[in-house]
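Asker: Going down the list, the sequences are from chains D and Z.
With the first letter of the first sequence counted as 1, position 122 gets the number 156 in our numbering; the numbers rise by one all the way through.
With the first letter of the second sequence counted as 1, position 87 gets the number 121 in our numbering; the numbers rise by one all the way through.
Mixed in with the good hints there might be a few duds.
Identical chains share a label here; the pair holds if one copy fits it or two copies do between them.
SDA-like cross-link-like pairs, simulated, lysine to any residue; straight-line CA separation at most 25 Å [what the hints assert, rightly or not]: (1) LYS70 to GLU348; (2) LYS233 to TRP106; (3) LYS223 to TRP427; (4) LYS342 to ASP432; (5) LYS408 to GLU348; (6) LYS103 to LYS391; (7) LYS223 to ASP433; (8) LYS129 to GLN77; (9) LYS391 to ALA220; (10) LYS233 to ARG247; (11) LYS151 to VAL467; (12) LYS151 to HIS166.
Hint data in this document are derived by calculation from the structure and do not stem from the laboratory.
Protein chains: 2
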Amino acid sequence: MGDAAETSVTTTSATPSDWGAVDSSDVMDRLVSLSKRRGFVFQSSEIYGGIGSTWDYGPLGAELKRNIKDFWWETMVTRRDDIEGIDAAILMSPKVWEASGHVAGFTDPLIDCRNCKHRFRADEIEGMDDPHCPRCGSRDLSGARQFNLMFRTFMGPVEEDAAVVYLRPETAQGIYVNFLNVLNAARQKVPFGIAQIGKAFRNEITPGNFIFRTREFEQMEMQFFVEPGTSAEWLERWREERRAWYGRLGIRDAKLRIHRHTEDELAHYAAAAFDIQYEFPFGWQELEGIHDRTDFDLRAHEAKSGKKLSYFDEEAKQRYVPYIVETSAGVDRTLLTCLVDGFREEGEGKEARTVLKLHPRIAPVKAAVFPLVKRDGMPEMATAIHRRLRQRWNVFFDDGGSIGRRYRRQDEAGTPFCVTVDGDSVEDGTITVRDRDSMEQVRISADGLESWLAERLA
Amino acid sequence: MGDAAETSVTTTSATPSDWGAVDSSDVMDRLVSLSKRRGFVFQSSEIYGGIGSTWDYGPLGAELKRNIKDFWWETMVTRRDDIEGIDAAILMSPKVWEASGHVAGFTDPLIDCRNCKHRFRADEIEGMDDPHCPRCGSRDLSGARQFNLMFRTFMGPVEEDAAVVYLRPETAQGIYVNFLNVLNAARQKVPFGIAQIGKAFRNEITPGNFIFRTREFEQMEMQFFVEPGTSAEWLERWREERRAWYGRLGIRDAKLRIHRHTEDELAHYAAAAFDIQYEFPFGWQELEGIHDRTDFDLRAHEAKSGKKLSYFDEEAKQRYVPYIVETSAGVDRTLLTCLVDGFREEGEGKEARTVLKLHPRIAPVKAAVFPLVKRDGMPEMATAIHRRLRQRWNVFFDDGGSIGRRYRRQDEAGTPFCVTVDGDSVEDGTITVRDRDSMEQVRISADGLESWLAERLA
Numbered sequence: 035m036g037d038a039a040e041t042s043v044t045t046t047s048a049t050p051s052d053w054g055a056v057d058s059s060d061v062m063d064r065l066v067s068l069s070k071r072r073g074f075v076f077q078s079s080e081i082y083g084g085i086g087s088t089w090d091y092g093p094l095g096a097e098l099k100r101n102i103k104d105f106w107w108e109t110m111v112t113r114r115d116d117i118e119g120i121d122a123a124i125l126m127s128p129k130v131w132e133a134s135g136h137v138a139g140f141t142d143p144l145i146d147c148r149n150c151k152h153r154f155r156a157d158e159i160e161g162m163d164d165p166h167c168p169r170c171g172s173r174d175l176s177g178a179r180q181f182n183l184m185f186r187t188f189m190g191p192v193e194e195d196a197a198v199v200y201l202r203p204e205t206a207q208g209i210y211v212n213f214l215n216v217l218n219a220a221r222q223k224v225p226f227g228i229a230q231i232g233k234a235f236r237n238e239i240t241p242g243n244f245i246f247r248t249r250e251f252e253q254m255e256m257q258f259f260v261e262p263g264t265s266a267e268w269l270e271r272w273r274e275e276r277r278a279w280y281g282r283l284g285i286r287d288a289k290l291r292i293h294r295h296t297e298d299e300l301a302h303y304a305a306a307a308f309d310i311q312y313e314f315p316f317g318w319q320e321l322e323g324i325h326d327r328t329d330f331d332l333r334a335h336e337a338k339s340g341k342k343l344s345y346f347d348e349e350a351k352q353r354y355v356p357y358i359v360e361t362s363a364g365v366d367r368t369l370l371t372c373l374v375d376g377f378r379e380e381g382e383g384k385e386a387r388t389v390l391k392l393h394p395r396i397a398p399v400k401a402a403v404f405p406l407v408k409r410d411g412m413p414e415m416a417t418a419i420h421r422r423l424r425q426r427w428n429v430f431f432d433d434g435g436s437i438g439r440r441y442r443r444q445d446e447a448g449t450p451f452c453v454t455v456d457g458d459s460v461e462d463g464t465i466t467v468r469d470r471d472s473m474e475q476v477r478i479s480a481d482g483l484e485s486w487l488a489e490r491l492a
Numbered sequence: 035m036g037d038a039a040e041t042s043v044t045t046t047s048a049t050p051s052d053w054g055a056v057d058s059s060d061v062m063d064r065l066v067s068l069s070k071r072r073g074f075v076f077q078s079s080e081i082y083g084g085i086g087s088t089w090d091y092g093p094l095g096a097e098l099k100r101n102i103k104d105f106w107w108e109t110m111v112t113r114r115d116d117i118e119g120i121d122a123a124i125l126m127s128p129k130v131w132e133a134s135g136h137v138a139g140f141t142d143p144l145i146d147c148r149n150c151k152h153r154f155r156a157d158e159i160e161g162m163d164d165p166h167c168p169r170c171g172s173r174d175l176s177g178a179r180q181f182n183l184m185f186r187t188f189m190g191p192v193e194e195d196a197a198v199v200y201l202r203p204e205t206a207q208g209i210y211v212n213f214l215n216v217l218n219a220a221r222q223k224v225p226f227g228i229a230q231i232g233k234a235f236r237n238e239i240t241p242g243n244f245i246f247r248t249r250e251f252e253q254m255e256m257q258f259f260v261e262p263g264t265s266a267e268w269l270e271r272w273r274e275e276r277r278a279w280y281g282r283l284g285i286r287d288a289k290l291r292i293h294r295h296t297e298d299e300l301a302h303y304a305a306a307a308f309d310i311q312y313e314f315p316f317g318w319q320e321l322e323g324i325h326d327r328t329d330f331d332l333r334a335h336e337a338k339s340g341k342k343l344s345y346f347d348e349e350a351k352q353r354y355v356p357y358i359v360e361t362s363a364g365v366d367r368t369l370l371t372c373l374v375d376g377f378r379e380e381g382e383g384k385e386a387r388t389v390l391k392l393h394p395r396i397a398p399v400k401a402a403v404f405p406l407v408k409r410d411g412m413p414e415m416a417t418a419i420h421r422r423l424r425q426r427w428n429v430f431f432d433d434g435g436s437i438g439r440r441y442r443r444q445d446e447a448g449t450p451f452c453v454t455v456d457g458d459s460v461e462d463g464t465i466t467v468r469d470r471d472s473m474e475q476v477r478i479s480a481d482g483l484e485s486w487l488a489e490r491l492a
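Produce the complete structure using the sequences and hints provided.
Answerer: Right, here's the structure in full:
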């Protein structure tokens, strides 16, 4: 439930130079525009005027999102012996949300204007010296009332209380209720973790900042089950591991920081918690939460379900309910961070370019192949190179317009390498590879291209 | 909307030998039990008694599902120049479902029992000679009434008509409403396709057959936009391409067939349609639908949105609304097919084994590494081999119990290769690789193991 509470938006200390020639206050607008133009992110149902802060990923965005999720899964599941992956359903028993506290407590206080009938978050109004409706100016306001942030729907054909189900507001609970099943099937020993990637839904009153806070979003969560008394140490280990992951994702270190939750900020289930924050153009914001959730969740589900959710330590011959250290990240938010962090406007006049400096590991297109001109065997050679590389990576072929324009298009798409086949290539079998960031060009053998790229894309 | 209509369940003609020693009527029960025991599929919210035909994927199931989705994406998107991937939101504007016909027509007729208040699909009762409630026997039944199969919820904090949204019942509409955005951003030319993988929801009255028909499910859909007049030809090409895909997935050809829709079966939007069917223990059932949807969908969205959804052919200098050929597959259904098709009980007595003959391409664990005994350098050598392979694949290490038991465990998990390190290995650097299906063993050099596996896992 951690990040349902709003993090206060502070004025950014970033200078324009963090994004090159563009002023920080313009970065988000430029990025939204680039995202639509190049096919990273479209407004959902745009031909119908859109729908409340919901977004669709276009061709480049869908690849970028896949690459980010794959890199997380590879790091957290595939390369580790002590973490198992699962994929639980979005629709769960409503008892799960009673046990977790979401039915009773996952709420925001709202105030109604009795005059214009609009509804506001209580903190938008309660902070005023002289409270009145921000929309119509009326002072005829209701008191604050609690509204639940879970999406409610009905399973089966009858819309009655007995059939109420919720869209999960977090993926974590799908892990807790499967704790015993995973423990038994995978024959793991504590300490071990369970990880999953999946959609979650929160009926946020004030979504916003592009894909930063949306009502439908995707989480990458890992719950690490540890012996009581060892959770503080694991909390620190996971904080360091997860911060390092953003570095491997290519995010600039100076724009990341760790924030330790104060007593006031701690969720009711947490003994201690850290946020990994990123400095967006709209301020420092939470990227990922690392929480010591104690034994709160397993005990809550034990009490509600009547099933023992404990672990028997064969060596120490003792039974206990494990503590849980959680790492909770958002896919959409991570993707936004990659776009924001890589965005630059560089150069002036004819040399001006917009570039997305995405890490090659997650770039949607790994390389583009260009014949310099459409004759003298160049298209044939470029096509052959493209076909070969395409067996292994997402590689783009472009023979339209000047080489300069083709470079600019790939810069905006975040493509790290452009391969040009020219007249000499046909003669001597060499090609030019141009680096997106340095714009430097090297001439290498076409036969060696695949291994040259493989080294740089790992 | 195609597969909302129930396909009639015919008595299977499969003989017990299709699954080895197990009778076909027992296959599903054995598979559900294996799935839970080994961590392929768990009942969702099981500690709370489960929830209407909803299932969670455990560690092996989550990997298998990822591998199937990745193989589809690689085949349909990454390796092709003429198909773009997208990832649209589950929550869309309600106008989308008005335009598509789902609000008015995505319904099943239901009959109420006025005595016990239970509700039934009309066809369950209308086929009876003497209609009465299947549950309490009462003849006091309502007439048939239409109930919409879409899940309804509310966006924003107020549950009122203006805020009604639906969980998408198919991913296809997310492609149609993004047609222009993708066309412009990706600079494609007709014919081209748009593909996506994502969750969809249908409030089915009678879900069942394990993960075959569930209310929450995942689709892999591709919409191919073609010039009017060419759709019949594309329909045949896609039927062949898609059938071949199931072969590459390892499904036995004799258990696949093509069913051409009769006039009665055709959906209102379709000019012609084929199903790819598989012979499950519970009968021949639809795996994937290949539909010529004509220009129905784009024209419906044009009419409702007032936006032109046409294409200008630069060469022929003509503008038209493209026809659409759709390939629509289910992830859960494909995964069930892989489990069912690979399931065998073989041998007798001490030699008896249960094995999942999954294609190495999609097997969740690619190889297991065993030290023969826990001494004389074998554990160290096996651990080193495991660590090296783990950098590349999901590989399991097991040093518990007899080698025979370890083989049996991997057979049930569908692991294609088991690597054993014995006393000779430590001396001469060779290891034994045992094949899951033939149970034959070969002795090869440990140094050559990685490339030996790479050849067989591609």
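Asker: At most 25 Å between C-alpha atoms: does LYS151 with VAL467 qualify within a copy, between copies, both, or neither?
Answerer: This pair counts as neither: shortest intra-copy Cα distance 61 Å, inter-copy 72 Å.
Asker: At most 25 Å between C-alpha atoms: does LYS129 with GLN77 qualify within a copy, between copies, both, or neither?
Answerer: between (35 Å within a copy, 15 Å between copies)
Asker: Cα distance capped at 25 Å. Does LYS233 pair with TRP106 within a copy, between copies, both, or neither?
Answerer: both (15 Å within a copy, 21 Å between copies)
Asker: Using 25 Å as the alpha carbon limit, work out where LYS223 and ASP433 are close: within a copy, between copies, both or neither.
Answerer: Classified as between; 14 Å across copies, 56 Å inside a copy.
Asker: Indicate which option fits the pair LYS408, GLU348 if close means a Cα-Cα distance not exceeding 25 Å: within, between, both or neither.
Answerer: So LYS408 and GLU348 pass the 25 Å test across copies only (19 Å; inside, 71 Å).
Asker: 25 Å Cα cut-off: does LYS342 pair with ASP432 within a copy, between copies, both or neither?
Answerer: For LYS342 and ASP432, the Cα distance exceeds 25 Å both inside one copy (61 Å) and across copies (28 Å).
Asker: State whether the alpha carbon distance between LYS103 and LYS391 is at most 25 Å within one copy, between copies, both, or neither.
Answerer: within (19 Å within a copy, 28 Å between copies)
Asker: Measure nothing new, just compare the shortest in-copy and cross-copy C-alpha distances for LYS233 and ARG247 to 25 Å and report within, between, both or neither.
Answerer: both (13 Å within a copy, 21 Å between copies)
Asker: Checking an output row: LYS70 and GLU348, CA cutoff 25 Å. Within, between, both or neither?
Answerer: between (56 Å within a copy, 23 Å between copies)
Asker: With 25 Å as the alpha-carbon cut-off, assign the pair LYS223 and TRP427 to within, between, both or neither.
Answerer: Classified as between; 22 Å across copies, 38 Å inside a copy.
Asker: Which holds for LYS151 with HIS166 at a C-alpha limit of 25 Å: within a copy, between copies, both or neither?
Answerer: within (13 Å within a copy, 49 Å between copies)
Asker: When no copy is named, should LYS391 and ALA220 be tagged within, between, both, or neither for a Cα gap of at most 25 Å?
Answerer: between (40 Å within a copy, 20 Å between copies)
Checked against the numbered hints above, the structure breaks hints 4 and 11 and satisfies the rest.
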